[in-house]
Every structure is written in C-alpha cells, then in structure tokens.
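As you go down the protein sequences, you meet chains A and B in turn. Letter by letter, the first sequence follows residues 72 to 172 of this note's numbering. Letter by letter, the second sequence follows residues 2 to 489 of this note's numbering.
Hints may be right or wrong, so weigh each one.
Claimed, not checked - Each computed DSS-like pair below joins lysine-lysine, with the alpha-carbon atoms no more than 27 Å apart: (1) Lys381/B x Lys106/A; (2) Lys106/A x Lys304/B; (3) Lys95/B x Lys165/A; (4) Lys106/A x Lys260/B.
Since the hints were made in silico from the structure, they are not lab data.
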Amino acid sequence: MAASLDESAVRHVANLARLRITDEECSRYATQLSKILDYVRQLNELDTAGVSPTAHPLAVANVLREDIVRPSWTPADALANAPDHDDKFFRVPKVLDQESA
Amino acid sequence: MAATTDTVVELAEAVRSGARSAEEIARATVDRLEELQPRLHAFLSHDRERSLGRAREIDDDRRRGEALGPLAGVPVALKDNLCTNFGPTTCGSKILEPFRSRYNAHVVDRLESAGAIIVGKTNLDEFAMGSSTENSAFGPTLNPWDVSRVAGGSSGGSCAAVAAGLVSAALGSDTGGSIRLPASFCGVVGLKPTYGRVSRYGLVAFGSSLDQIGPIATTVADVALLLNTIAGHDPRDSTSIDRPVPDYAASLEESLKGKRIGISEEYFGPGLNAEVAAAVRAAIDVLAREGAEVVPIHLPHMKYGIACYYLIATAEASSNLARFDGVHYGRRTPRPADVIDLYASTRGEGFGAEVKRRIMLGTFALSSGYYDAYYLKASKVRTLIKKDFDEAFSRVDVIASPVAPTTAFRVGEKSEDPLAMYLSDIYTIAANLAGVCAISVPCGFDSLGLPIGLQLMAAPFVEEKLLTLAHQYQLSTHWHTRRQVARR
Chain A
72 MAASLDESAV RHVANLARLR ITDEECSRYA TQLSKILDYV RQLNELDTAG VSPTAHPLAV
132 ANVLREDIVR PSWTPADALA NAPDHDDKFF RVPKVLDQES A
Chain B
2 MAATTDTVVE LAEAVRSGAR SAEEIARATV DRLEELQPRL HAFLSHDRER SLGRAREIDD
62 DRRRGEALGP LAGVPVALKD NLCTNFGPTT CGSKILEPFR SRYNAHVVDR LESAGAIIVG
122 KTNLDEFAMG SSTENSAFGP TLNPWDVSRV AGGSSGGSCA AVAAGLVSAA LGSDTGGSIR
182 LPASFCGVVG LKPTYGRVSR YGLVAFGSSL DQIGPIATTV ADVALLLNTI AGHDPRDSTS
242 IDRPVPDYAA SLEESLKGKR IGISEEYFGP GLNAEVAAAV RAAIDVLARE GAEVVPIHLP
302 HMKYGIACYY LIATAEASSN LARFDGVHYG RRTPRPADVI DLYASTRGEG FGAEVKRRIM
362 LGTFALSSGY YDAYYLKASK VRTLIKKDFD EAFSRVDVIA SPVAPTTAFR VGEKSEDPLA
422 MYLSDIYTIA ANLAGVCAIS VPCGFDSLGL PIGLQLMAAP FVEEKLLTLA HQYQLSTHWH
482 TRRQVARR
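The shape of chain A in the complex, shown without the other chains (with noise of 0.2 Å):
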C-alpha cells in the first residue's frame, strides 16, 4: 500500500470524484488522507491469502419478484427537486460542441 497521498494524487481523486476543491483544501486533505492511509496499513499485518471477500453480511442473491405493472411516479413528480428542467426533461449546460470531459 502507499503510505502517503500528495497534492496532485489529491486533486486526481478529487477530479474522478467530481469535487470542486481549493488549494488549502488539497493541502488540507493531503495530509489528512496521508494520515488515515497510514493507519489503514496495518491491515497489512493480515495474511488474507485464500479468504474470500465479504461484500455484503448476509448471504442474500437474486432477489426476484413478479414483473408487473404497478403505479410509479409521473414525469412532474421526478422534475419536482429538479435544479432546472422543462416539461419532460432534466436541464443541463450544453454538453456537446465542447473539448472538456
């Protein structure tokens, strides 16, 4: 495990988290993070070596029901919270015609 995380690896995760932050907050976090990943590393004291992950603490799968038709939400209940919409549809900035993303 890498024991620390500096201000670039910082601002790589806060990019693939899509979170906005300042440069105190990256410097900030930086040694917040380095100091949490550090004590994390004792996990490494344990040989996992053949033990399966648990993902979930009770043996549930395929939770299956019958596929009929029931009452949902109208068009106007999913917009209610909405920013910004129209109509039928959620309103966003222009995405295409740009370089970013």
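Got chain A sorted already, so can you dock chain B onto it with the hints?
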C-alpha cells in the same frame, strides 16, 4: 417546564385509556421542543400544526371507538436522513437544503400507521458521517448532560432529544455506531438491529452494506415496542429479509439463568477510560448475579475494524453520493461553466469537509491501481471479522463490551483530527461489518456526571436475546431513570 418522564408504553396507555388526549401530549411536546431548541439544537425542523392535526385525528378515532394503533398519540422524532413527504429532508447537508421528498421512508409509514405523531426531524452529522454531530452543516447538537460537550453522532439529535425528554422515542441510523455511540453519550437506549431486519426504503444511503435504521428510547421495553412497529420485510428494499418478526415486547420477561455472556479482553485494552471500564465490568457483574454465565471469548480481528470500515464505508459512500450532482434534486451551483463544472462546483460547494474527505478516501480505495490493495483487502479482512463473530456466537448468547472508549468529549475537541474522531467508533464498528445486532444501554456515570453505555451484541436476527438481557439489566438498575437537562 419539567422533562417528560413518560415512556412510550405509558403515553400509549394514557391515550388508549383516555387519561390524556393525544392533542394535549403533542402540544406539550412541541412547546418543550421549542423551549429547549436554542440550548440543545436537537432538531433541524418541526411542524407544530401538522403534529397537532395528526394528534386530533387520533383523538377523533378514539372518540368514534375505532381501534388505535400500538403507538397512538406517541410523539416520535426522526433523524433527518429519513425521507418524509412533509417538511424538509436535509441529511444535515447544504446540498439537500431545498429538497422536499415526494415519498415517506418505509419506517415513517409504519410509525404513522401505528398512530405515532412525527413531531420533527433531528440533527445529524452530514449524511450520517461523523461521531459527534459537529459535521452538521447547520451546527452541532449539544449534550443535555453538559452543553459544552457533544451529543455523539451521527444520530446526535435523536439521542439528545430523547435524553432531554423532548420526545420519548426517536429513530436513528447506524452505519458504524451512529445510534449506539450517541445513545451512550446521552444516557439512553439505542438499538442497531440486524442488517436486513428493518427496510431502508427512504433512508438516504451512506454505506449500503452497513446502514441500518433503529429505535432510541429511555427504556428497553420502549425500544422493543418501536422495533415491533418498524421491523419486517418490505419488497422495496431487496436487502430487507423475509422472515417472521417475533413480538419483541412480549419476550422481555425471560430469566437470565443459563444465558451465556461472552467477554472479550480486546474490548478492554489500552485507550479505554478507567471509569468506563469499571462501569461496564460492574454491569456484567449485575448480569452474572441475575443468573447469566460469563464466558471468556476472543475476537482477534476486532482491532482491525476501524481500518477495514474506513475503506469499505467510504468506498460505498463515494458511490452512493454520486447521485448528488446538481441535476436531479437539491442545490445547484449558480453559474456553471459547463456540465463538468456543474457537477464539481455543486458538490464542492454543497458538501462539507468530512463528506468530501470520505468521498475522496473511498474514490481512492476503489480507483484503478489501488482497488486490490485497499478495497479488496478490507473486504477480505471483513470476512475475518465476521468469522470471529460467527465463532463467538456458536459459544455465547451475547457479547458484552463498552460502547465507546470515553464519555462525551468537548465540542471542538476532535474536530481538527479526523482519525481521532474515527477512533471513537472502535467498539461499535465491528457489529456493522459483521451484520449482527447490537444495543447500547446506560450503565453508569463518570465522575463528571456524564453517562456511560454498555454494549450488548448478538447473532443476526436474535434481537429478542439482546432486548431480554438489556431489559432484565434495567429492572436491576436505576441508571436509565436519572435525568438532568442542560444543567450547565
């Protein structure tokens, strides 16, 4: 105005018998809530008129001779990460300040069908991420026993509200100790049910393999009654398990004779405050005197719980919180340059420091090149922790331990040191990783007069064992009857 000493059981009986009207109880509750709100900041929102209206409906039902639900007329508070189709649901975050849910969480419908009056939504660490309620974007909740101290978190508002007698019961959520830790700090009873026991439909997700909703009250009997109401299968949450719900309130009177209580010295090591250790050991002695057998056990991987949790919970959070994008609901940054900036600025402005820290930690743990060393490694260690519990519960009925290494700490004491804050959860986190049920019960006070909590843990789906032991403990002790509100 004096604190209410009425339990849920007493209030429900008073309404059923006609000794008190639901409206009078609701009015007294809201009056007191408003009076103490400036001191404790336990609530983020409440609605006097809606509460009184619902209470009048209960009174009308009674006058008409209609059957009343088991919680008819009982005021209940909800942690503000439970969706209600009335009022705000903020999760203690600026990003959800404008959000109004279009639907109720499953537990909200269950409570209202049982006749409970939902009086308000309580404060929490933003998105339930924290151990003190200081991470709320709307300011911390203060501890009713000493307002210079934290209430614990993340369900700090719910626990402080019950401790101060503002309500007799509340719901919280527990991902790594978020019901049990504040219950311990505030001197009330808090239950984290088994993963899958209560539907999370309408609970805003934090760590989906860990989150569970549970009840908070002053007595175990009240917690049992609340669990009766909220437990059970719900097809809208595919992780809620379809198995029978016993009558938890009916099985409390069993004797402790022959019950086996496991004690693991891993829970009494360095870092545990001596007064807390003494109170918890004295509580175990009480259970032994009542006929329980104390059995030494060993949970060798428990100490890796925090490291394991802060990779798994943050990984799940980084994915769950991706939905807050400034498009579908909540707040949006005012002047986005483009669509990527819309996401990044909305999230950068809308989330607080701890939420951003955890999203980044989780994103890192899942990212290309680091996934195996961090997330996958932690998932394997989780298997080892779970095996420890499986092994222990093949030998004992419950495991007894402290809830937290200390009593309530001072406001601001740990807010600059995230790791120190995380370590508050060292004794509670393993129960979530293993998916077992666990309860916090008041078991004494330190020399400053601050409450201490006893934790009891049991195998999945045997909440009745926890509740019986905890109830019998409360019958033998008086800690839960001591009340002191905002004395400093």
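Hint check:
1. Only pairs whose Cα atoms come within 27 Å are accepted, and Lys381/B paired with Lys106/A is accepted, the gap being roughly 22 Å.
2. A distance of roughly 18 Å separates the Cα atoms of Lys106/A and Lys304/B; the hinted pair therefore holds under the 27 Å criterion.
3. Of the supplied pair hints, the one linking Lys95/B and Lys165/A holds, its CA atoms being roughly 26 Å apart against a limit of 27 Å.
4. This hinted pair does not check out: Lys106/A and Lys260/B have alpha carbons roughly 43 Å apart, beyond 27 Å.
Violated hints amount to a single one, hint 4; each of the other numbered hints is respected by the structure.
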